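Visitor: The whole structure should be built from the sequences, with the hints applied where relevant.
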Amino acid sequence: MEHHKLLIDYDYCSMEDLTAEERMLVERACDATHNAYARYSHFCVGAALLLNDGTVVIGANQENAAFPSGLCAERSAIFAAQSNYPDQPIRMLAIAARDGGGLRKQPVSPCGSCRQVVIEMEDRYKQPIEILLFGKDGIYRMHSIKDLLPFSFTDSDMR
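Numbering (numbering that gives the first Met the number 0) for the sequence shown: 0 to 158.
No lab work stands behind these hints, which were simulated from the structure alone. A portion of the hints provided could be inaccurate.
Stated by the list, open to error - Now the in silico label distances, taken between C-beta atoms and shown as ranges: (1) Asp52 to Glu26: 18 to 28 Å; (2) Leu102 to Glu20: 13 to 23 Å; (3) Ser155 to His2: 19 to 29 Å; (4) His41 to Leu5: 16 to 26 Å; (5) Thr18 to Tyr84: 34 to 44 Å; (6) Met23 to Tyr124: 41 to 51 Å; (7) Gln105 to Arg22: 44 to 54 Å; (8) Gln126 to Pro149: 31 to 41 Å; (9) Tyr124 to Asp10: 35 to 45 Å; (10) Gly101 to Ala65: 25 to 35 Å; (11) Glu1 to Asp86: 35 to 45 Å; (12) Glu20 to Phe66: 32 to 42 Å; (13) Ala79 to Asp122: 30 to 40 Å; (14) Asp154 to Ser13: 32 to 42 Å.
Quantities reported herein were computed from a predicted structural model and do not represent experimental measurements. All C-beta atoms, glycine included, are put in the ideal place defined by N, C-alpha and C.
Guide: See the structure below:
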């Protein structure tokens, strides 16, 4: 048996460390938390996507009394972008969350389903998507969803 260690590459930074474009996208994700319908969890998530042509698309989590019927912020933004701008690859994704105390201090990470959808977009357009996970105390910056989903399942695995 061999033992292997998996390391991921990410930056931990402040808003001041981000580019103007990254800051704008994080701010849009923070604003999008106000669009969440989180009647049950009271956990409001906002996502903002930057497409290659500069278009920004936002999403917010939408809950439902029949819990499987809701949708995460990340997927609501991605599906909106794919429906309205199918020829535009996603270049960057910012995610923020708020609860009863306001914007969260620590960054929140996308769920497994959202990670799988993001990896599909990277695979579809053959380019990485920069991920920005916002927290008031600091922001995680990853250069690809593969850093959060290293053993991913994509189209090439079905061949």
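Visitor: A separate judgement is required for each hint: does it hold in the structure or not?
Guide: Do the hints match the structure? See the list:
1. Asp52 to Glu26: 18 to 28 Å: Distance hint for Asp52, Glu26 holds at roughly 20 Å.
2. Leu102 to Glu20: 13 to 23 Å: holds (20 Å)
3. Ser155 to His2: 19 to 29 Å: holds (27 Å)
4. His41 to Leu5: 16 to 26 Å: For Leu5 against His41, whose Cβ atoms are near 34 Å apart, the range 16 to 26 Å is violated.
5. Thr18 to Tyr84: 34 to 44 Å: The hinted range 34 to 44 Å is violated for Thr18 and Tyr84, with Cβ atoms some 22 Å apart.
6. Met23 to Tyr124: 41 to 51 Å: Since Met23 and Tyr124 have Cβ atoms about 22 Å apart, the given range 41 to 51 Å is violated.
7. Gln105 to Arg22: 44 to 54 Å: violated (19 Å)
8. Gln126 to Pro149: 31 to 41 Å: Because 18 Å falls outside the window, the suggested range is violated.
9. Tyr124 to Asp10: 35 to 45 Å: violated (23 Å)
10. Gly101 to Ala65: 25 to 35 Å: At 29 Å between Cβs, range holds.
11. Glu1 to Asp86: 35 to 45 Å: With a Cβ separation near 44 Å, Glu1 and Asp86 satisfy 35 to 45 Å, so the hint holds.
12. Glu20 to Phe66: 32 to 42 Å: holds (36 Å)
13. Ala79 to Asp122: 30 to 40 Å: violated (19 Å)
14. Asp154 to Ser13: 32 to 42 Å: For Asp154 and Ser13 the Cβ distance comes to about 37 Å; the hint holds.
In terms of the numbered hints stated before, the structure departs from hints 4, 5, 6, 7, 8, 9, 13, listed from lowest to highest.
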